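Colleague: Work the whole structure out from these sequences, hints included.
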Amino acid sequence: MKNYDAIVIGAGHNGLTNAAFLAKAGLDVLVLEKNDYIGGATVSRELQEGWKYSNCSYVCSLFRPEIYQALDLGRHGLEVVPLQGGVTFKQDGDYYGNYHQSALKYREIARHSKRDADAAVRFDADLMKWCRLIRGFLLRTPPDPTSFKIRDAMEFASLLKAFYELSESQIYEFIRFFTMSIAEYLEEYFESEVIKAHFSGGSIIGTGLGVYSPGTAYVLLHHAMGDVDGNVGSWGFARGGMGSVSGAIASSFKSHGGEIRSGAEVEQINVSGRKATGVTLANGEVINAKAVVSNLDAKRTFLKIMDKKDLPDELVTRAENFKIRGSSGKLNIALDGMPDFPALGENSPLTLGHMHFSDTLERLERAYDDWKDDRWSADPYVDIVIPTQYEPTMAPPGKHMMSVFVQYCPVEAEGGWTEEKKQAFGQTVINQIADYSPNFKDLLVHAEIRTPKEIEAEVGLTEGNIFQGELTLDQLMFNRPFPGYAQYRGPVKNMYMCSSSNHPGGGVMGAPGANAAREILMDFGKTDTTPEDFGDD
Amino acid sequence: MTKNILIIGGGHNGLVCGAYLAKAGNKVTILEANDSVGGFLASHQFSDGYSVNGLAGVVHPLNPKIAKDLGIKAGGEPVDTISLGKDGRHLILGEDGVSGDKLSDKDKDAYRAFKKEFRNYAKALEPLTMNKPPRLKDMDTRDKFTLAKLGWKLRFGLGASSMREFLRVGGINIYDVLNEIIDDEQLKGAISFDAVLGHQMGPRTPTTVLTYLNRLRGETYGATSLAGANSAFEEAAAKAGVTIKTGAAVSKIVVENGKATGVVLEGGEEMNADIVVSNADAKTTFLDLVGAPELDAMFAKRISTTRTNGNVAKLHFALSALPNFNGLDADQLSNRLIVAPDMRYVEHAFNHSKYGEFSEKPILEITFPSLADISLAPEGHHVMAVSASFAPYNLKAGWDQNKSAFSHKVLSLIEDYAPGVSASVVADEILTPADIEQGFNVKGGHWHHGELTIDQSFMMRPIHGTAQYNTPIDGLFLCGAAAHPGGGVTGIPGHNAAERILSMKGGAS
Amino acid sequence: MKPNADYREILQHTPFHEKLAPLSQVQSWSPWNGYQVARTYDTLAAEYFAVRSSCSVFDMTPMEKYRIKGPDAIAFLNRMVTRDVSNLKPGRVTYVVWCNDEGKTLDDGTIFHLGKDGYRLCAAHHQLDWLMTSSIGFDVSIEKETHDVAALSVQGPTSCSVLLEAGFAGLEELKPFGIMNFTVQGVDVMVSRTGFTGDLGYEVWMDPDHAITIFDAIYDVKERGLYDIKPIGLDALEMVRIEAGFILPGDDFVTAETAVRNGRERSPFELGLGWAVSFDKPYFTGRRALEKEADEPIKRRLVKLAIEGNKTPHDSFLYDGKNGKRIGTIKVTIWSPILKQNLAVADIEYQNGKEPAEIWAEIYYQKELEWKSIWAKCEISEKPFWSPPRRSKTPPDRF
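Residue numbers (our numbering), protein chains in the order written: chain A, 807 to 1343; chain B, 25 to 533; chain C, 3 to 401.
The hints are simulated quantities; they were obtained by calculation from the structure and are not laboratory data. As the structure is a prediction and not an experimental result, all values here were calculated from the model. The beta-carbon is built from N, C-alpha and C at its ideal position, and this holds for glycine as well. Incorrect hints may appear among the rest.
Calculated cross-link-like contacts (lysine-lysine; reagent style DSS-like; alpha-carbon spacing at most 27 Å) [stated by the list, open to error]: (1) B/Lys161 <-> A/Lys955; (2) C/Lys306 <-> C/Lys324; (3) B/Lys161 <-> C/Lys306; (4) A/Lys967 <-> C/Lys294.
Have a look at the derived ranges for each label pair, beta carbon to beta carbon [unchecked claim]: (5) A/Leu966 <-> B/Tyr379: 40 to 48 Å; (6) B/Tyr379 <-> C/Glu293: 44 to 52 Å; (7) B/Glu384 <-> A/Glu1152: 43 to 51 Å; (8) B/Arg113 <-> A/Gly1069: 53 to 61 Å; (9) A/Tyr843 <-> B/Asp111: 49 to 57 Å.
Modeller: The structure is reproduced here in structure tokens:
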């Protein structure tokens, strides 16, 4: 029977990225996927005839351009089209339009507060400072602060060096940014409620935290530090839906001789003599490999497909205590035409971007309070995009696809999810949209409603958490997923982790996959095929 | 060289700071706006014949080094915390153990282990607590030493695995930590109570682990020791040779060419000094007394945006008799009683405060000062002191019209645990954070002179640029709870400030 | 609720646009603070010489303008800027620069004492947030009036003559940095003898609703065949401001508020603006940091450089000798038609607080797409490159 160099469990974008870099280095790599299709949470699915849904992740920005280039994804079919601006509708019939043209954006902020328009200069520059600092560490392996190894010490020194390039007051300001709530952070810059509400949305997407929870300012970076062709903070659509991202990586992987088997669910990682030897599939088939890489989140990896007896007790506790906290739902909607948003007037470019309806920090925080009590938000925060306005591949001509990301939605609605509750959750969201778009309900052709439960069942993200683990201080950098295990190596030899449960966390970034590949190739004594950060100096 | 030093504010930190400075041979005068010193510890008659020993309900962690240095005996015994259950099921939380009906051995062990582990963290942080917070760039020798000691204590004091665990939990919330280790909801509620009382935080708010660690710096003393504590601080200061001037409200700190040269009192009297030390909160010190024109613009703005809104109301009830609490003996009432039945309850209480509302069901800390000091009430009568949260400083509906509503809410909540208590109320008083601001000259009426979130702690307390007790104004220092490590009757800010003043070039002798 | 921003008009038109747009022969426009303004109308050479030899008009409406009033207005301004402005008289204007807490330059501009109407601060960049931040503890009102005041800069040797003909009677008595008020064609208009050209010139301030009336009054002097008047764009202004030694925050150096990378900000000393910093006044923002800096050897300076030869040193690196140590870069450069010299603003490191003994630029240039490099010697000029006596002569020569 064939003995692979490496098996990667899970054909999500990080698994595929990891596999592609291993294959590029000449390893014989097999990727196993439980579903009949690949992509994990980066998929395009046709659930209504004629419509394609990016039914999990839906926009692209964080994906590392270094990986894009190194895996030649453009030639493998990936195109990321920048998405333009955004809007937050106000309850009084007005709105804040986050135009992408700077002069227009300035004037629009000034319409709500002249001072805020000027303060945005300071805010943008400050945010960029923190972006630069964090971005430099995305494609690096976090050092272990308790270790005395030279590599850790050097890596720690480089971390400190980057930190020390800041002035003294900037160092403190960075610590404050890292630990403050987004609401309080924004209050140091802005006075207009709708401006604060608009800019704080990115800080709660995907997290079990509210806008007033310390630590959320940092989460903003996970939605602000990406770029499309150097435009930091911009987002883009993958032409053909997010499945194009995984499709292109898979194509690149195959071009380096890689092999993918879908419909192949892994039951267990086989361990013998404290070494991983391969995997056993759900159908009983055993496949051997010199290395096993799990792209499943930390909980699934250690609690589902590994045997407790193969693991240190401490690790089992850590996996049990790993904070996943699913908090997001999703509606994917097929529309018979483009909905009207009368507040914007006709032909407004603002529908081309992200649309939101939460115009105060209080509404955002109250949405979180509902979730804390295991209810979906009665007045949720939504992030809506309609890519079909300029993306021709996802709906029939003249028809549209609307992706609605919903914050918050509990893992277990009080007393457990039922079909009725799921529909009621969907209706809450649809009603909110209809409040701002009178013809919306008439245009509805089909709506796929996804609570954390469906996302977990289908994609395998525990609790449907889009980051595969909360982005809180206890689970970042050298603490991610657990202290002492932040360097992509598992608790047994030859076992590795490449999912977003690892540094630097979630978002369609590809960085955990690439970073894990670097460590594996190092252990194999192979030439490193993973890219270095482009740098920004 | 002997310096002439003025200290603004006779709260316990001012007294501690003054005592240290006077002991070192300086001429120290403390200026107190009220008629007696003590600040939050000053005794106070709220109705004819009924008094309390101070605003603080209990004394938390009086620092042993300071007590020893200044010969302060807090007096009294440490008290337990009794978490009240509606059905009469109470938990008694002692220093290291917990007891209560139907509490599993697993939880009892977990509590012990948790306290031990967390006490170790608190100990590891001690170099940071008892020193000026180190700067992170341009460190002096002292800063390097502090950081080295901290690093050593974390790595070798705690050991690799404890250190990792500390780095993991240090920045997160008490809710997650407790859910990992304890099953009993009431026990978790009681612990989370200590993590949130006095802060604008709920159990699920990240950084509540740190606020809990703050509580572990010493033991919990009961009301018995309050009066003693105050006069002990005053005596220590007097013994060291400090002059105390009461009824002396400062209206201005005089700054000439970037240097503090004295103060002006409200009456217009000018007093010169080589060094001025402010025990007032940062907003009062910088914006009211110094004035923004003497400061850099962003510094003034950052001071003005520090979060200083308090959220604990203090209620005093004069009782004609000692109430009966379901399931408690009368002699247990000398302990500290709390109402925080579970973490969800505490979180819900907190939710309201985010929107400028007081809690529908508040969390309470109840003590009976008259049990220890019978002079506080007429014979047979008693005084019940209650700290109730959340009662936000900026109540949307306005405090003036809603004080009594909140007071009734609190009393009827106590009634659930002690039926009949309302009937015995002879007089009462409620001090909202707005009243505390007025009565104690503390902006926002915040217990800690400002939230103890990470961004307002350590080398960022009250803000960076003035976090090492010295200020941008030469010869002006901070010594109160606004400075590191914050409030509580610890005396540590006063102690650290005195050390800083004594060690600075051009400082005092 | 104010009318929504019109997304179809990303750049707005100034009140002069309807007059100036038809004068544009090349339709070369640029954005400036949300407005559409001309880069050039005709040719750069013609516009340049309009400033230096006859009369130019430049639409400066987009310039940021703020009105400061209230009992503490002057105390507030004096606390914000590094210069002592406490003695600024009504009807006078002064150049100022201001810093953040760390003593790094945020922006520069001018303060106009408008008498009972308070003070106007003109700035290069958005400053409302900083003004509001600085106002804590002061009894002042601050309003942004950028869009409420139209402004036209009339500059050149014949500018006084033109304006006198246009109805600004008595203007000849106006001294540099002075302000006078007029009623022209029934419109109240304010004139200051200020400018960004280093030449004789005036800035004319008015209500946007009457901007056309005033423009017509001035342009009529040309229509009548008395004097030539040429509109000029940003490109010509860039040339004359470099000749005159004016710096432009954001172009010549990174302002402290926008700097992302540490060490990119500059103190006034490093910008050669030490003369605008006074320690003989009450506290001002950045003072402590600047006092400390003043005690230490200066690390770098923004300097005015004249470069030998005729090859333009665009983006050139600077060295302390031919093939020497790299000590800086050129920020902006122009060929001066009047001095027949390349002029530049450059950022240069000072070793031990000393100006480099020699400065050489390595210039890459191409002729018919063939690239070459040469070395050119540079000289620091402490004074403005061009400052004719007519700039300050009062009354100015009549033509």
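Colleague: With reference to the structure, classify each hint as holding or not holding.
Modeller: Now for the hints, and whether the structure bears them out:
1. B/Lys161 <-> A/Lys955: holds (26 Å)
2. C/Lys306 <-> C/Lys324: holds (20 Å)
3. B/Lys161 <-> C/Lys306: violated (34 Å)
4. A/Lys967 <-> C/Lys294: Within the cut-off at roughly 25 Å; holds.
5. A/Leu966 <-> B/Tyr379: 40 to 48 Å: holds (41 Å)
6. B/Tyr379 <-> C/Glu293: 44 to 52 Å: holds (46 Å)
7. B/Glu384 <-> A/Glu1152: 43 to 51 Å: Holds, since glutamate 384 of chain B and glutamate 1152 of chain A (Cβ atoms, about 46 Å apart) stay within the stated range.
8. B/Arg113 <-> A/Gly1069: 53 to 61 Å: Given a distance of about 54 Å, which is inside 53 to 61 Å, the answer is holds.
9. A/Tyr843 <-> B/Asp111: 49 to 57 Å: holds (55 Å)
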